[in-house]
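Visitor: Protein chains in written order, with this note's numbering: chain A, 1 to 405; chain B, 1 to 405.
Rather than coming from a laboratory, the hints here were simulated on the basis of the structure. None of the values given here were measured: they were computed from a predicted structure. It is possible that part of the hints are untrue.
Lysine-lysine pairs mimicking DSBU-like chemistry, simulated, CA-CA at most 30 Å apart [unchecked claim]:
(1) Lys385/B / Lys66/A
(2) Lys34/B / Lys66/A
(3) Lys18/A / Lys59/B
(4) Lys18/B / Lys34/B
(5) Lys59/A / Lys385/B
(6) Lys66/B / Lys385/A
(7) Lys34/A / Lys59/B
(8) Lys66/B / Lys303/A
(9) Lys18/B / Lys203/A
(10) Lys157/B / Lys11/A
(11) Lys11/A / Lys385/B
(12) Lys171/B / Lys203/B
(13) Lys59/A / Lys11/B
(14) Lys66/A / Lys66/B
(15) Lys171/A / Lys18/B
(16) Lys235/B / Lys11/A
(17) Lys161/A / Lys18/B
(18) Lys161/B / Lys11/A
(19) Lys18/B / Lys235/A
(20) Lys235/A / Lys11/B
(21) Lys18/A / Lys18/B
(22) Lys59/A / Lys34/B
(23) Lys11/A / Lys11/B
(24) Lys18/A / Lys171/B
(25) Lys385/A / Lys59/B
(26) Lys18/A / Lys203/B
(27) Lys59/B / Lys303/A
(28) Lys157/A / Lys171/B
(29) Lys203/A / Lys11/B
(30) Lys161/B / Lys161/A
In case you want the letters, here they are:
There are 2 protein chains.
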Amino acid sequence: VSVADKSSENKYDNLLAKRAAGAVARGIGAPTQKMIAFTYGLPDEDSFPFNDLAAAATKTIMEDGKTIFQYGAPRTLAAYILESLRLEEDTTIAPTQIAVTAGSSQAISLVARVLLDPGDVILCEEFTWNGALHIFKNAETTVIPVEMDEGGLIPEKVEAKILELQAQGIKPKFIYTIPTFQNPTGSTMSVERRLALLDIAEKYDTLILEDHAYHGLAFEGDTPPTLFTLDHERKLGRVLHCRTFSKILAAGMRLGWVAGPEDLMVRLTGLKDDGGTNPFAGYIAATYAQENRLRNHIQDLVKIYRQRRDLMVAALDKHLAGTGVTWNVPAGGFFIWLKLPEGLDSGALLPKAQEAGVNYLPGTSVVPQGVDGKSYIRLSYSFVKDEEIEPGVAALAKTIKESLA
Amino acid sequence: VSVADKSSENKYDNLLAKRAAGAVARGIGAPTQKMIAFTYGLPDEDSFPFNDLAAAATKTIMEDGKTIFQYGAPRTLAAYILESLRLEEDTTIAPTQIAVTAGSSQAISLVARVLLDPGDVILCEEFTWNGALHIFKNAETTVIPVEMDEGGLIPEKVEAKILELQAQGIKPKFIYTIPTFQNPTGSTMSVERRLALLDIAEKYDTLILEDHAYHGLAFEGDTPPTLFTLDHERKLGRVLHCRTFSKILAAGMRLGWVAGPEDLMVRLTGLKDDGGTNPFAGYIAATYAQENRLRNHIQDLVKIYRQRRDLMVAALDKHLAGTGVTWNVPAGGFFIWLKLPEGLDSGALLPKAQEAGVNYLPGTSVVPQGVDGKSYIRLSYSFVKDEEIEPGVAALAKTIKESLA
Numbered sequence: 001v002s003v004a005d006k007s008s009e010n011k012y013d014n015l016l017a018k019r020a021a022g023a024v025a026r027g028i029g030a031p032t033q034k035m036i037a038f039t040y041g042l043p044d045e046d047s048f049p050f051n052d053l054a055a056a057a058t059k060t061i062m063e064d065g066k067t068i069f070q071y072g073a074p075r076t077l078a079a080y081i082l083e084s085l086r087l088e089e090d091t092t093i094a095p096t097q098i099a100v101t102a103g104s105s106q107a108i109s110l111v112a113r114v115l116l117d118p119g120d121v122i123l124c125e126e127f128t129w130n131g132a133l134h135i136f137k138n139a140e141t142t143v144i145p146v147e148m149d150e151g152g153l154i155p156e157k158v159e160a161k162i163l164e165l166q167a168q169g170i171k172p173k174f175i176y177t178i179p180t181f182q183n184p185t186g187s188t189m190s191v192e193r194r195l196a197l198l199d200i201a202e203k204y205d206t207l208i209l210e211d212h213a214y215h216g217l218a219f220e221g222d223t224p225p226t227l228f229t230l231d232h233e234r235k236l237g238r239v240l241h242c243r244t245f246s247k248i249l250a251a252g253m254r255l256g257w258v259a260g261p262e263d264l265m266v267r268l269t270g271l272k273d274d275g276g277t278n279p280f281a282g283y284i285a286a287t288y289a290q291e292n293r294l295r296n297h298i299q300d301l302v303k304i305y306r307q308r309r310d311l312m313v314a315a316l317d318k319h320l321a322g323t324g325v326t327w328n329v330p331a332g333g334f335f336i337w338l339k340l341p342e343g344l345d346s347g348a349l350l351p352k353a354q355e356a357g358v359n360y361l362p363g364t365s366v367v368p369q370g371v372d373g374k375s376y377i378r379l380s381y382s383f384v385k386d387e388e389i390e391p392g393v394a395a396l397a398k399t400i401k402e403s404l405a
Numbered sequence: 001v002s003v004a005d006k007s008s009e010n011k012y013d014n015l016l017a018k019r020a021a022g023a024v025a026r027g028i029g030a031p032t033q034k035m036i037a038f039t040y041g042l043p044d045e046d047s048f049p050f051n052d053l054a055a056a057a058t059k060t061i062m063e064d065g066k067t068i069f070q071y072g073a074p075r076t077l078a079a080y081i082l083e084s085l086r087l088e089e090d091t092t093i094a095p096t097q098i099a100v101t102a103g104s105s106q107a108i109s110l111v112a113r114v115l116l117d118p119g120d121v122i123l124c125e126e127f128t129w130n131g132a133l134h135i136f137k138n139a140e141t142t143v144i145p146v147e148m149d150e151g152g153l154i155p156e157k158v159e160a161k162i163l164e165l166q167a168q169g170i171k172p173k174f175i176y177t178i179p180t181f182q183n184p185t186g187s188t189m190s191v192e193r194r195l196a197l198l199d200i201a202e203k204y205d206t207l208i209l210e211d212h213a214y215h216g217l218a219f220e221g222d223t224p225p226t227l228f229t230l231d232h233e234r235k236l237g238r239v240l241h242c243r244t245f246s247k248i249l250a251a252g253m254r255l256g257w258v259a260g261p262e263d264l265m266v267r268l269t270g271l272k273d274d275g276g277t278n279p280f281a282g283y284i285a286a287t288y289a290q291e292n293r294l295r296n297h298i299q300d301l302v303k304i305y306r307q308r309r310d311l312m313v314a315a316l317d318k319h320l321a322g323t324g325v326t327w328n329v330p331a332g333g334f335f336i337w338l339k340l341p342e343g344l345d346s347g348a349l350l351p352k353a354q355e356a357g358v359n360y361l362p363g364t365s366v367v368p369q370g371v372d373g374k375s376y377i378r379l380s381y382s383f384v385k386d387e388e389i390e391p392g393v394a395a396l397a398k399t400i401k402e403s404l405a
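Let the sequences and hints guide you as you build the complete structure.
Guide: What follows is the structure, given as structure tokens:
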């Protein structure tokens, strides 16, 4: 019988699971504030393919209603994913290696369930997705941050951290990483770093959880192969890989997937307690995706988000050059990561920025315990209108300059 | 760092969570066998409201697309649930007391997450839903069965079991019960038993998880108020209550809900790791439900399932009278529960029944560890055609009689 955190004043304390003692809901959903919102990693709402999804819904309901309204799993979507992996990434995996999930949130949650006992340790990037941190906290895990630079996670730092833990008798269960168009830093790991990270996982008998949430949203040049594909080629079986349809189709359909070694996937699906991933949403998404509609739609999204990145970079150049603020130029995804000059605190700055009409995510919201994010700002260009970007950055720049003065 | 079950030959043994050592997926989904299937607790596939759901999908996508395709929660469905509780059950609760979930599977899984640490103990009916047993097993819980009779769970037996556990220093975290049209026994607890069960929960400081999956599917007479409503009236705060839209609308939309004391619901939603329950499915279901469409549809379903129950009872009377086989006549829901005469084993009988063209769920599939279900058979009339019922029961009766001879 567990004893919950006594600092809580919940009348159910003596009946709560340990993990529940401090649990509170993470804010999810559309913003209510009226200011220019560089805050949210939400997909652009004007570009959802309303007409095509309505047509796909009607067609799927009328033709496959008995399947999509019954218990089951969205098999046609799983088939589409396997086919796309084969066609676009030359990676052929078995149907038993993949599970369609309720977004990558559920994918990451399932990986946590299959691998983590309370008290276990994992590694992650020092700046990372706060949704994943929330999941790992719920799993009663200790999350150890590893240093990054503009090229993402630094393999040597990962190895050093593993050795440091090893000296304490601790083996990390896995390394959580977003190697491509990283959230929040926008960084992308080179293929050399990816191969080095795989070597480390193999050498120290640990796993990698690769979150590829921004798949498809590459603005230019070649994107390195995923850790999953590299692992597959080398037959190591060290990578669990998850993606979502939230950024490339519609977050509200709650569709994503996780793939990995069959031995692990068998156990993972055995812990999936939701009665099957939404067949209604899944079959409709698969109908929509046919005839290259989804592939073409992603190309449209790339144009939209690239344009916004360009507008934001231009505005940053115009308004923040010479202030000591630095930023990256992401090759894809949703985010630009600002580093403030010494002495500025992004948390303290936030109310002033909001007063000036612009909102952002302070670095303190995207760090595991023990990391100081106060010098950083995440700017998202995904959920603002093109014409909001320049005035939003101008307002932010004005706030920063006033604080510097 | 955990050490997984060494009997497993999984190469990832030393990286698996303890709960994952024996995890395997539970079969969910439509049957593939051609025989008459009294096996599955699936909703009737011909009665899904295809046209109305297609219309609701188109309307919702075109009018609320920016909401239903974005991150969020299906707020209109939560509002519909609260309104229905108020109108139909005179139970008014706050929006903070309810969470829409992916079916009652996710609801039960969340209750397990918020209340159960590994090694905790819960009580449940000696015959119960195997999906819930799967969830409790994944939660590394010990499930203690409590005796039932034709009136469902016996409160005196619950109290005796709690005292027995108390003597061992163990307090059960909650009592899982399906008090209405129970799965698999079809039994319904009287209001007296419900009140007695509440008293016990209060007296011994434990909770009740009430699974009301067959809500609305009452064939005749008054159904007793739910434990949730009785608890609400008495302001005890002892009941977590879950329902599903799987039986009354469409299982494939994966919609259900859980409600309970606000203090618990706050923690429960904090452990909900799926990025929000499917807004796409949820908003469409809420649009469909308007103008009494769902309420009228449930009345149509009652006629369909009552007719099937009547056909099955008549067939049992015709073919099994005098054989020593006994059964209940359920007042609602999907199931008839057969008790075989001494010496017959429903597991051993199954291949013979299948050979004769009829399938069923043996009692051994619906019992916690330690309960012998081999004298029992669950017959479901929900997923067969009217005209299959009499021949199916005749084939089963022939098999039973041959085994008795």
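Visitor: Evaluate each hint against the coordinates.
Guide: Evaluation of the provided hints:
Between Lys385/B and Lys66/A the alpha-carbon distance is near 14 Å, which keeps this suggested pair within the 30 Å criterion. For the suggested pair Lys34/B and Lys66/A, the alpha carbons sit about 17 Å apart, so the restraint of at most 30 Å is met. Between Lys18/A and Lys59/B the CA atoms are separated by roughly 44 Å; this puts the pair beyond 30 Å, and the hint is violated. Proximity of Lys18/B to Lys34/B is assessed by CA-CA distance (about 39 Å); at most 30 Å being required, the pair is judged violated.
The straight-line distance between the Cα atoms of Lys59/A and Lys385/B is roughly 26 Å, inside the 30 Å bound, and the hint therefore holds. As the CA atoms of Lys66/B and Lys385/A are separated by approximately 14 Å, the hinted pair is consistent with the 30 Å bound. The hinted pair formed by Lys34/A and Lys59/B meets the criterion: a straight-line CA distance of about 27 Å does not exceed 30 Å. The suggested pairing of Lys66/B with Lys303/A holds, with an alpha-carbon distance near 20 Å, which does not exceed 30 Å.
Taken as a hint, the Lys18/B and Lys203/A pair is honoured in the structure, with Cα atoms around 23 Å apart against an allowance of 30 Å. Restraint check for Lys157/B and Lys11/A: satisfied, since their Cα atoms lie roughly 27 Å apart, inside the 30 Å limit. A threshold of 30 Å between alpha carbons decides the hint, and for Lys11/A with Lys385/B the separation of about 50 Å lies outside it, so the pair is violated. As the CA atoms of Lys171/B and Lys203/B are separated by approximately 12 Å, the hinted pair is consistent with the 30 Å bound.
The straight-line distance between the Cα atoms of Lys59/A and Lys11/B is roughly 44 Å, outside the 30 Å bound, and the hint therefore fails. For the proposed pair Lys66/A and Lys66/B, the alpha carbon gap of about 28 Å is at most 30 Å, so the pair holds. A C-alpha spacing of about 16 Å is found between Lys171/A and Lys18/B, which places the hinted pair at or below 30 Å, so the restraint holds. In summary, the hint linking Lys235/B to Lys11/A is supported, as the alpha carbons are separated by about 14 Å, within the 30 Å threshold.
With a CA separation close to 25 Å, the supplied pair Lys161/A and Lys18/B stays within the 30 Å bound. For a cut-off of 30 Å, the pair hint linking Lys161/B to Lys11/A stands: about 24 Å separates their Cα positions. Note on Lys18/B and Lys235/A: the hinted pairing holds, with a Cα-Cα distance of about 26 Å set against a maximum of 30 Å. Annotation: proposed proximity of Lys235/A to Lys11/B holds, straight-line Cα distance about 14 Å (limit 30 Å).
For the proposed pair Lys18/A and Lys18/B, the alpha carbon gap of about 17 Å is at most 30 Å, so the pair holds. Annotation: proposed proximity of Lys59/A to Lys34/B holds, straight-line Cα distance about 27 Å (limit 30 Å). For the hint linking Lys11/A to Lys11/B, the alpha-carbon distance of about 44 Å lies beyond 30 Å, and the restraint is violated. At roughly 16 Å between alpha-carbon atoms, Lys18/A and Lys171/B fall within 30 Å of each other, so this suggested pair holds.
A threshold of 30 Å between alpha carbons decides the hint, and for Lys385/A with Lys59/B the separation of about 26 Å falls inside it, so the pair holds. Only pairs whose Cα atoms come within 30 Å are accepted, and Lys18/A paired with Lys203/B is accepted, the gap being roughly 23 Å. Among the hinted pairs, Lys59/B with Lys303/A is consistent with the structure: their alpha-carbon atoms are about 29 Å apart, no more than 30 Å. Annotation: proposed proximity of Lys157/A to Lys171/B is violated, straight-line Cα distance about 47 Å (limit 30 Å).
Annotation: proposed proximity of Lys203/A to Lys11/B holds, straight-line Cα distance about 15 Å (limit 30 Å). Taken as a hint, the Lys161/B and Lys161/A pair is broken in the structure, with Cα atoms around 50 Å apart against an allowance of 30 Å.
Checked against the numbered hints above, the structure violates hints 3, 4, 11, 13, 23, 28, 30; every other hint is satisfied.
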